[in-house]
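Q: Chains X and W, in that order, are what the protein sequence lines are. Position in the first sequence (from 1) plus 187 gives the number in the working numbering. Position in the second sequence (from 1) plus 25 gives the number in the working numbering.
Derived by calculation from the structure, the hints in this document are not laboratory data. Careful: at least some of the hints might be erroneous.
Quick list of simulated restraints, FRET-style, between CB atoms [said to hold, decoys possible]:
| hint | chain 1 | residue 1 | chain 2 | residue 2 | range |
| --- | --- | --- | --- | --- | --- |
| 1 | X | Pro333 | W | Ala33 | 26 to 32 Å |
| 2 | X | Arg484 | W | Leu233 | 44 to 50 Å |
| 3 | W | Gly151 | X | Asp408 | 34 to 40 Å |
| 4 | W | Ile216 | X | Ala780 | 30 to 36 Å |
| 5 | W | Glu201 | X | Gly731 | 54 to 60 Å |
| 6 | W | Gly71 | X | Gly454 | 55 to 61 Å |
| 7 | X | Gly454 | W | Gly151 | 30 to 36 Å |
Note that this is a predicted model, so its numbers are computed, not measured. All C-beta atoms, glycine included, are put in the ideal place defined by N, C-alpha and C.
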Amino acid sequence: MPADTFPRLLIEHARQRGDRPSIREKDLGIWQTYSWKQALDEVRSLACGLRTLGLRRGDALAIVGDNRPRLYWAMDAAQSLGAIPVPLYQDAVADEMAYVLGNADVRIAIVEDQEQVDKLLEVKPRCPHLELIIYDDPRGLRHYDPAVLRAYDDVQAAGRDLERQEPELFEQEVARGQSSDVAIMLYTSGTTGTPKGVMLTHDNLILTGRGAIQRDRLTGDEEVLAYLPMAWVGDNLFSYSQGHVAGFCVSCPESPDTVLTDMREIGPTYFFAPPRVLENLLTQVSIRMEDSSRFKRWLYARCMVVARRWGSTILDGKPVATLGRLAYALADLLILGPLRNVLGFSRVRVAYTAGEAIGPDLFRFYRSLGVNLKQLYGSTETSVFVCMQPDGQAKLESVGTPAAGVDVRISEQGEVQVRSPGVFRGYFKAEGATREAMTADGFFRTGDAGYFDDDGHLRIIDRAKDVGRLRDGTLFAPKYLENKLKFFPFIKEAVAFGDRRAFAAAFVCIDLAAVGNWAERRNLPYTGYVDLAGQKPVHDLVRGCVEEVNAALAADPKLRGSQIHRFLVLHKELDADDGELTRTRKVRRGFIAEKYAMLVEALYSRDSHVHVETQVRFEDGRTGLVRADLPILEAMTVELEGKRRAA
Amino acid sequence: MEGRVPGAVLLEVRGVSLSFGGVHALREVDFHVHEREICAIIGPNGAGKSSLLNVINGVYAPNAGTISYAGETRRAMRPHRAAEQGIARTFQNIALFKGMSVLDNVMAGRALKMRRGMLWQALYWGPAEREELEHRARVEKIIDFLQIEHVRRTPVGRLPYGLQKRVELARALAAEPRLLLLDEPMAGMNIEEKQDMCRFILDANDELGVTVVLIEHDMAVVMDIADRVVVLDYGRKIADGAPEEVRNNREVIDAYLGVPTAADDRALKEAS
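Hey, can you work out the whole structure from these sequences and the hints?
A: Here it is as C-alpha cells:
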C-alpha cells in the first residue's frame with residue numbers, strides 16, 4: 188500500500204520510526220511528547236470510536252479549538268474513515284459557525300472545551316444536522332445535557348471495545364481510502380461574500396507539501412510550532428500535511444498567550460508566520476528596547492545598523508568585505524544572537540511568510556538578523572505553494588519562482604493564474620463558484636494582479652479587482668499604500684481610497700500598544716483607544732508617517748500620483764467581530780467603505796471635521812455605541828523631487 | 026443552582042457581636058453555610074461584611090457568640106488553626122507578594138502542606154525534592170484550572186488588576202480549602218473579567234467541592250452564582266435566603282438596593 192494518504196503516512200511512520208516524536212503539548216507546564224506509535228494508537232481508537240457513533244465515508248467532522256494533539260488526531264481519525272475534517276476558526280462568532288456547520292452538513296463536532304461547547308450549543312437550533320459534540324476538556328460540563336455531549340475519552344474507550352471485536356477494521360478502512368479523496372475542507376473567510384468550503388484532496392496536500400520539502404531539503408528532524416488557527420490552510424500545510432509527509436515533530440503551544448515562551452523553549456527549525464505575527468514580534472522588541480537603558484539602546488541601534496548593512500548579504504552567501512564580516516560577527520555576539528534567542532529564532536533554518544505583502548523594513552529586519560526569512564505565494568485553493576523564494580534569492584518586492592510542478596501564467600488582464608497538483612477539487616456545494624474560479628484549460632484564477640520581473644520572480648501588486656485608477660488615470664493600488672502605512676509601528680491598520688477619485692486618501696488605525704507607550708513616555712494622559720486616537724499629538728505623529736510614505740511614493744514614477752492628500756485617524760480599532768476584518772485579519776475595504784461612507788465623503792469634501800456614531804460589538808456579544816468627532820487631517824505631498832506642498 | 030443538594034452545615038456563626046470601642050461592627054449575627062454551598066454576603070459599605078469574614082477565619086475575636094466549623098464549636102477561631110482546618114481567603118485589596126512570580130505566589134499557598142523543614146528544602150534533595158515536585162504538580166493543576174499559564178513566570182506586581190485577583194484565588198485554592206472566603210473578588214473588574222471570575226468560582230465549587238462565602242457588590246453576579254444571600258446592615262443581619270426572596274425583601278430594598286425605580290426594576294430583571 189503506497190503511503191499516499193494521511194492515514195497511510197501515519198501508519199508508515201509508526202512502522203518505520205515509531206519511537207520518534209510526532210507531536211508535543213505542554214501539560215502542567217511540562218512538554219509531553221507522543222511518538223508516532225502512540226499517535227497511531229490514539230488515532231485508531233478515536234477512529235473506531237467515531238465509527239461506533241456512525242461517522243461514515245464522506246461525512247464531515249467539525250473540529251474546533253486551539254492547536255491540540257487531540258484535535259490533530261481527530262483529523263487523522265476522520266480521514267482514516269474516509270470522513271472529511273472541517274476545522275473551524277475557534278474565535279468565530281456564532282453566525283459564522285452556524286453557516287459553516289450548516290453548509291457542510293456536520294453531524295458530529297469535536298471541540299476543545301466548554302467555551303466551544305457553549306458556542307455550538309448556541310447555534311445548534313440553527314444546524315439541524317448537528318447531533319453530537321465530543322469534547323476534550325470536561326471542565327465545567329458536568330451539568331450539561333448528556334444527550335448531545337460525549338467525552339473524547341469515552342469515544343476512544345468505545346473505539347477500543349470495537350477494536351477488540353474487529354481488529355482489522357481500522358486498517359481495512361484506511362485501505363479503502365483513495366489518494367484522490369477529499370482529505371479536508373477549509374472554509375475561506377473571503378474578503379467578500381459568504382465563506383466557501385475549499386475541498387482539498389490527499390494528493391493536493393501531499394504532493395505540494397512534498398515538493399516544498401524537497402526544495403528546502405527539510406527532514407524528519409525539523410521542529411515546528413503549530414500556533415496558527417487549525418482552520419487556516421497555512422497551519423494545515425506546515426503543521427499537519429508536511430509533518431505527515433516529512434515525519435517531523437509538531438509542538439502545540441500551551442495557550443495562545445504563551446506562544447513566545449513556547450517558541451523559545453522549542454526552538455523551531457522550520458517556521459511559518461504571516462507578516463502580522465512578525466510585525467507583532469518586532470513591535471514588542473521595539474517597545475522593550477525603548478524602555479531599556481540608554482547604553483543598551485545605543486548598542487542596539489549600532490548593531491542594527493551593522494546588521495542592516497551586511498546581514499542580508501551574508502545570509503545570501505554573497506561575498507562581503509572582511510571588515511563587514513568582522514563587524515557583523517561582533518554585532519551577532521552582542522545583540523543579534525541573543526535577540527534571535529529571545530525571539531525563538533536561534534535554530535530556524537527556513538522561515539516563510541505569506542498571506543499578505545510584508546513591509547520592506549519588517550522583511551529586512553528579520554533577514555539582517557540572520558533569519559532565513561523568505562516569501563511565498565499561494566492560497567487555500569492551491570494548497571498554499573505557488574511561488575517560493577529559493578535560498579539566497581529572497582527579494583523584497585517579489586514572491587519567488589514557481590514551485591515544483593506549478594504552472595503560473597499572467598492573463599491578459601494581468602491576473603495571476605495557476606495550474607498545479609495542488610489546485611483544489613472545488614468549492615463544496617458551489618459548482619457555479621468553482622466554474623468561475625477556473626479557466627477553460629484548468630487554470631485557477633487567483634484574483635491577484637501581478638507580473639514576472641526580469642529574474643523570473645513573481646511580483647504581486649494587489650487584488651486584481653482592487654487595483655484602480657485615480658481620476659487623472661494614475662495607477663492606484665490601495666493595498667500597496669496600506670502596507671506602506673502599516674509598516675510604521677504606530678499604525679495598526681490602514682484603509683486607502685482613491686479609485687475614480689481626484690486623489691488618494693486613507694483611514695488610519697493606531698496601534699494601541701505602540702502609541703500608548705509613546706504617549707506614556709511623553710506624559711500624555713489617555714483613557715483608552717478612542718481617547719488616544721483623538722489627541723492632537725497623535726494626529727501629528729500619524730501625519731509624520733503619512734508624509735514619509737508620500738515621500739517614498741514620490742520616488743516611484745508609476746505611483747507618484749497616488750500620494751495621500753487627506754486622512755483621518757479612526758475612532759475605533761477595526762475588528763473581525765464587527766465584520767471589518769476577515770478572521771485572518773485582512774481589511775475588508777468594500778465593507779468599510781460602505782459602513783463609513785460618511786467618513787469617506789468627508790475625506791473628499793472641504794470639511795475639517797466629521798461627527799460619527801458607530802455600533803461596536805463587545806466580546807460578550809453585547810453592542811454599544813461609540814461617538815466621536817473626527818478631524819480630517821491633511822498631509823504634505825511631494826510633487827517634484829524635494830519640493831513639498833500642502834494638499 | 027438547580028440540581029445541587031446542599032450538604033450538612035459546615036459553618037455556623039451564632040450570636041456573634043463585635044465592636045471596636047463604640048462602633049458595633051456586628052450585632053448578634055447568626056448565620057450558617059452548608060457544605061458545597063455558595064453563600065453571598067451583601068450590604069452597604071460599613072455593614073460589617075469584611076468583619077464577619079475576619080471573625081470566621083479568626084483575625085478578629087468576637088465579643089460575644091460562638092463559631093462552629095466542621096463540628097467544632099469555639100468562642101473564637103485562630104487564623105493559623107483556621108488555615109489548617111481548610112479555611113482559605115482572598116482580600117479586598119489584593120495581598121500578594123508583588124515582587125514574586127505568579128508561580129511562587131501560588132506555591133506559597135502550599136506552605137501549610139509542606140512537611141519538610143527549611144533545611145531540607147534548602148538542600149532540595151531526596152524526600153524534599155519529591156515533595157517539592159508533588160506540590161509543584163498540584164500548583165500547576167491550579168494554574169491550568171485558572172488559566173494563568175501565560176503569566177506563570179511574571180512578577181505579580183506587573184500584572185493587571187484582574188489577573189492579580191485571579192492569582193490570589195489561585196493561591197487560596199492551592200491550600201486545598203474546604204471553605205473559601207472571598208472578599209469582593211470582582212471589585213474593579215470589567216464585564217468580561219467578571220464573567221471569567223464567576224466561572225472560576227462556580228468551577229471551584231463544582232469540581233473541587235469547595236464551599237464558598239463571598240462578599241460582592243455586583244448584584245447581577247450575586248443573583249447569578251449564589252445559592253443563598255445574607256444581607257447585613259449596620260452590623261445586623263436583616264435577611265437570609267435564596268437570591269429571589271432576598272431581592273423582594275422590603276427591608277433589603279430600603280437598606281441596600283434602594284427604592285426601586287423603573288430602571289432598577291429593569292436592571293434586576295436583567296440580573297435574574
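Q: Evaluate each hint against the coordinates.
A: Cross-check of the supplied hints:
{"no.": "1", "hint": "X:Pro333 to W:Ala33: 26 to 32 Å", "verdict": "holds (28 Å)"}
{"no.": "2", "hint": "X:Arg484 to W:Leu233: 44 to 50 Å", "verdict": "holds (48 Å)"}
{"no.": "3", "hint": "W:Gly151 to X:Asp408: 34 to 40 Å", "verdict": "holds (37 Å)"}
{"no.": "4", "hint": "W:Ile216 to X:Ala780: 30 to 36 Å", "verdict": "holds (32 Å)"}
{"no.": "5", "hint": "W:Glu201 to X:Gly731: 54 to 60 Å", "verdict": "holds (57 Å)"}
{"no.": "6", "hint": "W:Gly71 to X:Gly454: 55 to 61 Å", "verdict": "holds (57 Å)"}
{"no.": "7", "hint": "X:Gly454 to W:Gly151: 30 to 36 Å", "verdict": "holds (33 Å)"}
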